[in-house]
Amino acid sequence: MNLLLGSLTIGLILSLLGLGVYISFKIFSFADMTADGSLTLGGAVAAILLVSGVSPLIATLAATGAGLLAGLVTGLLHTRCRIHALLSGILTMTALYSVNLRVMGKSNISLMSTATLADSAEQLGTPFFGKGGTVLLLGWQVASRDLSVLLATLLLVLLVSLLLYLFFRTNLGTVMRATGDNPQMVRAQGTDTGLMITLGLALSNGLIALSGALLTQYQGFSDVQMGIGMLVWGLASVIIGESLVRGGRLGLAICGVLIGSLLFRLLVAIALRFGLNPNDLKLITALCVFGALVLPGWLGSVTARMKGGSHA
Amino acid sequence: MLEINGYHKTFHAGTPNEVKALKQIRLTIQNGSFVVVIGTNGSGKSTLLNAVAGAFLPDRGTVLLDGHNITNWSEHRRAKLVGRVFQNPFSGTAPGMTIAENLAMAARRGRFPGISWALGPHLLDACRDRIRTLRMGLEDRLDTAIGGLSGGQRQALTLLMATWQSPALLLLDEHTAALDPRSAERIIELTNEIVTRHRLTTLMVTHSMHQAANLGDRLIMMHKGEVVRDSSGADKQRQRPDDLLAYFDQLRRREMLDESAAEMLREQYV
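Protein chains in written order, with the numbering used here: chain A, 3 to 314; chain B, 970 to 1239.
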């Protein structure tokens, strides 16, 4: 049960990564490699600020801001310097590797003796679940801290998702969605598509850095390598969510990403529990995304051929 | 008023594919005038429209619109003054978004999209009222994604979007060319209706001699990047589709004569 709680919490935290990837990849059709760097950047900024005594809330906000800036850089490289989308993300990601080392001063920071948002969440939960003990949940004894953290994360993620949904229903959000849908139309309606892409990438990487900051505080350390492969992880959540929740409406799509992220994390936890070598995790993730991208098309063509065959 | 002065544009300059697309174009369009442009393939008629819309910048020359020198304005900045309908019915609307969301963007054309609610009740009412003027029954389908509509419906909505805020200039780029004859006719009716109702200054490119003869109050014929004929008033009203075709035939024959004469001279002297 504790394993389940942990998986759900990490799944929720990484659903913010999923939402960020959803914005860049689905709304703007922009495969933004910055994600790998900005997730680590969020963790690095949050960790160094926490260690130097800044309050967890401000550290988390600052980490989000750093992610916004990283996305801004990628956006400007792409729209103002006219660098290929993939390459501008790779440039920022590579540069961020050094930036992250500079921010942290070393390759990892431990937060074991530092107050984090997880501790704040535990305090919030104390009136309900008691302090430091265990709670009976559906017949299982679980640590009250774990439960508090999970619920606090859930609330935060729901709040962020709601804000994101509302934002995409404003004029600015509407034009951003249209930019990915039909840039020519957006220009003809008088909006600079370059600006929209830049703002969208900033928003996307802000969310990803927020995810990194929360992950760092949950697991109790930040590591310069923690972002490797995270874009693909985010893609997996987005694609799983998309296959579960069809229809393409904005609210449903956002819910889909949340569910996709939770589900993917659970699958990974189960696989690890049954002896998957953690070193193989990235390979499995990549294979999952590959399968999710290719299989629907193959299945579609196979069923179409079978139908064609029965008619003949 | 639109004023184009000495507009010159060469594509792929200095390569074997060099095309002098527009040669020293000089054109003034008065407010409220409905100008139809026709021309042979590659005559530069669509290029002229794109030049005004700002799809590229000129090699030489200036463009003035409504008292602004817009020569160096970007495409999206010009959209404050210019409404456009494209040849491709898919170009003018965002397919994954609803009718209401598309119209919401048109209602705020040229203004920075702020953090205000996109689909307020006022806007939805205005959408319904305006869509009703299309008489296509779309006013009850504001929540439908535009991608599911027919080309004709999409083009009608694009027309509505381009003229939602009366633009200083309306650009129509062969906007019925990709439609079936019945939809094309309907769109032309709507175009005429909207342009007349709002007295819009309009520049329309067409490939249809029929439309060229029947629409507008001024007719411009282009050939090889130049304006070869410009008629308005009674002169324009007199012209029938057959006259226009005859004129293009004449142009073509003159050209063939040029080529065969050159060939003859080459044989004799080179």
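By construction, these hints were calculated from the structure, which means they are not laboratory data. What you are looking at is a predicted structure, and each value in this text was computed from that prediction instead of being measured. Some hints here could point you the wrong way.
[As the list claims (entries may be wrong)] Label pairs and their computed distance ranges (CB to CB):
(1) ARG1101/B x TRP300/A: 42 to 52 angstroms
(2) LEU88/A x SER1085/B: 45 to 55 angstroms
(3) LEU254/A x GLY1089/B: 19 to 29 angstroms
(4) GLY293/A x THR1031/B: 38 to 48 angstroms
(5) SER245/A x ASP1094/B: 50 to 60 angstroms
(6) ASP1218/B x SER245/A: 55 to 65 angstroms
(7) GLY293/A x LEU1214/B: 52 to 62 angstroms
(8) GLY1116/B x ALA33/A: 21 to 31 angstroms
(9) ALA117/A x ASP1098/B: 24 to 34 angstroms
(10) LEU88/A x ASP1112/B: 28 to 38 angstroms
(11) GLY1116/B x LEU165/A: 51 to 61 angstroms
(12) TRP300/A x VAL988/B: 54 to 64 angstroms
[What the hints assert, rightly or not] Non-contacting residues of chain A with respect to chain B, defined by C-beta distances greater than 10 angstroms in every case (computed):
(13) GLY8
(14) SER54
(15) ALA87
(16) PHE130
(17) VAL177
(18) MET187
(19) ASP194
All C-beta atoms, glycine included, are put in the ideal place defined by N, C-alpha and C.
#### Entry: Indices of hints not satisfied (ascending)
2, 4, 5, 9, 11, 12, 17, 18 and 19
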